[in-house]
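J.: Here is what each chain is made of, one letter per residue.
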Amino acid sequence: MEERPCAVLLKFPGTNCDEETARALEAVGFVTEVIPISVLKPEKLVGVSLVVLSGGFSYGDYVMAGRLARLVTEQKVGETLKEFRDNGGYLLGICNGFQILTQLDLLPAGSLVENTSGRFQCQWVTLKNRAPESPFLSGLPESFEFPIAHAEGRLVTTESSEAAGYLESGAAALTYSTDVNGSFEQIAGLQDESGRVFGLMPHPERFMSQEDHYDPDWSNGQGGDETRGSGYYLFRSLYDSVTSTSE
Amino acid sequence: MREFFEISDRFIEAADANGLLYEPLDGGLTFRRTRRYEVEFEGDKSALESFVRKTLLDEISQDFHEGDAPALKGFTFVLEYGMKPGALDLEKEAILTYYRGIKDPGFELKDLKIRQQLYVFDAKATDSDRFIRDICNGAIHNWSVIQGAN
Numbered sequence: 001m002e003e004r005p006c007a008v009l010l011k012f013p014g015t016n017c018d019e020e021t022a023r024a025l026e027a028v029g030f031v032t033e034v035i036p037i038s039v040l041k042p043e044k045l046v047g048v049s050l051v052v053l054s055g056g057f058s059y060g061d062y063v064m065a066g067r068l069a070r071l072v073t074e075q076k077v078g079e080t081l082k083e084f085r086d087n088g089g090y091l092l093g094i095c096n097g098f099q100i101l102t103q104l105d106l107l108p109a110g111s112l113v114e115n116t117s118g119r120f121q122c123q124w125v126t127l128k129n130r131a132p133e134s135p136f137l138s139g140l141p142e143s144f145e146f147p148i149a150h151a152e153g154r155l156v157t158t159e160s161s162e163a164a165g166y167l168e169s170g171a172a173a174l175t176y177s178t179d180v181n182g183s184f185e186q187i188a189g190l191q192d193e194s195g196r197v198f199g200l201m202p203h204p205e206r207f208m209s210q211e212d213h214y215d216p217d218w219s220n221g222q223g224g225d226e227t228r229g230s231g232y233y234l235f236r237s238l239y240d241s242v243t244s245t246s247e
Numbered sequence: 001m002r003e004f005f006e007i008s009d010r011f012i013e014a015a016d017a018n019g020l021l022y023e024p025l026d027g028g029l030t031f032r033r034t035r036r037y038e039v040e041f042e043g044d045k046s047a048l049e050s051f052v053r054k055t056l057l058d059e060i061s062q063d064f065h066e067g068d069a070p071a072l073k074g075f076t077f078v079l080e081y082g083m084k085p086g087a088l089d090l091e092k093e094a095i096l097t098y099y100r101g102i103k104d105p106g107f108e109l110k111d112l113k114i115r116q117q118l119y120v121f122d123a124k125a126t127d128s129d130r131f132i133r134d135i136c137n138g139a140i141h142n143w144s145v146i147q148g149a150n
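Here the protein sequences line up with chains A and B, keeping their order.
Its first residue numbered 1, the first sequence is counted upward by one per residue in this note's numbering.
Its first residue numbered 1, the second sequence is counted upward by one per residue in this note's numbering.
Read the hints as simulated data drawn from the structure, not as lab findings.
Since the structure is predicted, the reported quantities are computational estimates derived from the model, not experimental observations.
Ideal Cβ placement from N, Cα and C applies to all residues, glycine included.
Each hint should be verified, as a subset may be incorrect.
Here are the computed lysine-lysine pairs in the DSSO-like style, where the Cα-Cα straight-line distance is at most 27 Å [unchecked claim]:
#, chain 1, residue 1, chain 2, residue 2
1, A, K41, B, K103
2, A, K76, B, K84
3, B, K124, B, K54
4, A, K41, B, K54
5, A, K82, B, K54
6, B, K92, B, K54
7, B, K54, A, K76
8, A, K82, B, K45
Label pairs and their computed distance ranges (CB to CB) [as the list claims (entries may be wrong)]:
#, chain 1, residue 1, chain 2, residue 2, range
9, B, R133, A, G47, 39 to 49 Å
10, B, S144, A, E79, 37 to 47 Å
11, A, T245, B, N137, 24 to 34 Å
12, A, E79, B, E42, 24 to 34 Å
13, A, K128, B, T126, 44 to 54 Å
14, B, M1, A, S194, 41 to 51 Å
15, A, A109, B, D111, 28 to 38 Å
16, B, R2, A, Q75, 23 to 33 Å
17, A, S244, B, D122, 38 to 48 Å
18, A, S143, B, T97, 40 to 50 Å
19, A, D105, B, E42, 55 to 65 Å
20, A, P141, B, K45, 53 to 63 Å
21, A, S143, B, F11, 22 to 32 Å
22, A, V31, B, F4, 44 to 54 Å
Between the sequences and the hints, there should be enough to build the whole structure, so can you do that?
T.: Encoded structure:
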């Protein structure tokens, strides 16, 4: 019998997108387990292929989005997530999970701060796939849409030249097609050097099928089942990569 | 011993202050927010500062100010507000819970007060009443106003 790869979703107080993200992962073939941070131990990640930090408002976004989640994670399990990555594991951060990954120094240096609009923005955005070789983006076209829902999604770096460097190096795997929130270089998602750690502000789990899209006539144009949303292809790309590397 | 720390956002520019009010005021008044921490402690001051920097500051996007003086200049007034003593301050509780989990922090945190600092620019000094009315909740907040030099 085929063994399905296991994805663990870490849940902090205030994480609220773990259930739909787990459903999205299961739809492409993963088995999933949601683990509250309060019971996380390094041994819980043995045999796990993917750790997901899903969206929400961990610790009420107190101090700044992702800060307390980072501190508590370091306090509870130290360098476990870095060791997990170094041992070949994959990490995905969505929205608040992206904010946490940046805080944990698992992605190139950057911070996600308040949108230039000063408002919470909930809308669909068009994205540019700048890393077609990425394990997370290989199944997606050059341009596609995802929904966003965030107040602190503006990626900044200490110097703006750093963000420009991320475009050149390929670390900026995903960019907005327009200036959505003031992100430097319109960066919407970052990957690390290994390519196995990826964080993005948009919500792929909210676009798993045609029915999720605002246009009832939308189709993916990718052949096969044209009712599958772009989010499906992100998770499917990841599944294909995880299963090919574990063979 | 008591120390004051104020943290401001480097990349967030002054915005239209009328957006904070139920009815706009005349003029092009703007605002910025910072957060001020008042800490009572015993022990190693450098350990406290290290804790504050690690816990409360984002080195990439924020600036750190130490001392009691307002961190920003050129304001008409600063509305400083926070939770009343006895009111549940979940942010403070989250920070204290994290502090209690640290082995040998090097100092003892006796008390922590978190204050929002709303700097208002290009307003009239008397406008502060409107900001108090529309922003502060007398049931849970206490506040004070610092008038600018101009």
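J.: All the hints need checking, so say for each whether the structure fits it.
T.: To see whether the hints hold, each was checked on the structure:
Between A:K41 and B:K103, the direct Cα distance comes to roughly 18 Å. Compliance with the 27 Å bound is thereby established for this hinted pair. Note on A:K76 and B:K84: the hinted pairing is violated, with a Cα-Cα distance of about 32 Å set against a maximum of 27 Å. As the CA atoms of B:K124 and B:K54 are separated by approximately 38 Å, the hinted pair breaks the 27 Å bound. Restraint check for A:K41 and B:K54: satisfied, since their Cα atoms lie roughly 23 Å apart, inside the 27 Å limit.
Proposed proximity of A:K82 and B:K54 is supported: the alpha carbons are some 19 Å apart, at most 27 Å. Between B:K92 and B:K54 the alpha-carbon distance is near 15 Å, which keeps this suggested pair within the 27 Å criterion. Under the criterion of a C-alpha separation no larger than 27 Å, the hint pairing B:K54 with A:K76 is consistent with the structure, at around 16 Å. Distance restraint check for A:K82 and B:K45: the Cα-Cα separation of roughly 31 Å exceeds the 27 Å cut-off, and the hinted pair is therefore not satisfied.
B:R133 and A:G47 have their C-beta atoms about 58 Å apart, which leaves the hinted 39 to 49 Å range violated. Distance hint check for B:S144 and A:E79: the Cβ-Cβ separation is about 44 Å, which falls inside the suggested range of 37 to 47 Å. Against the hinted window of 24 to 34 Å, the Cβ-Cβ separation of A:T245 and B:N137 comes to about 54 Å, which falls outside the hint. Checked against the hint of 24 to 34 Å, the C-beta distance between A:E79 and B:E42 comes to roughly 31 Å, which is consistent with it.
The hinted range of 44 to 54 Å is satisfied by A:K128 and B:T126, whose Cβ atoms lie roughly 50 Å apart. Take B:M1 and A:S194: their Cβ atoms lie about 46 Å apart, and the range 41 to 51 Å holds. For A:A109 and B:D111, the Cβ-Cβ distance of about 34 Å falls inside the hinted range of 28 to 38 Å, so the restraint holds. Restraint check, B:R2 to A:Q75: a C-beta distance of roughly 26 Å satisfies the suggested window 23 to 33 Å.
Restraint check, A:S244 to B:D122: a C-beta distance of roughly 60 Å breaks the suggested window 38 to 48 Å. For A:S143 and B:T97, the hinted distance range of 40 to 50 Å is satisfied, since their beta carbons lie about 44 Å from each other. Taken as a hint, the range 55 to 65 Å is violated for the pair A:D105 and B:E42, whose Cβ atoms sit roughly 32 Å apart. For the hinted restraint 53 to 63 Å between A:P141 and B:K45, the CB-CB distance of approximately 56 Å keeps it satisfied.
Roughly 28 Å separates the CB atoms of A:S143 and B:F11, a value that falls within the hinted 22 to 32 Å. For A:V31 and B:F4, the Cβ-Cβ distance of about 51 Å falls inside the hinted range of 44 to 54 Å, so the restraint holds.
Hint check: violations occur at hints 2, 3, 8, 9, 11, 17, 19; the rest are consistent with the structure.
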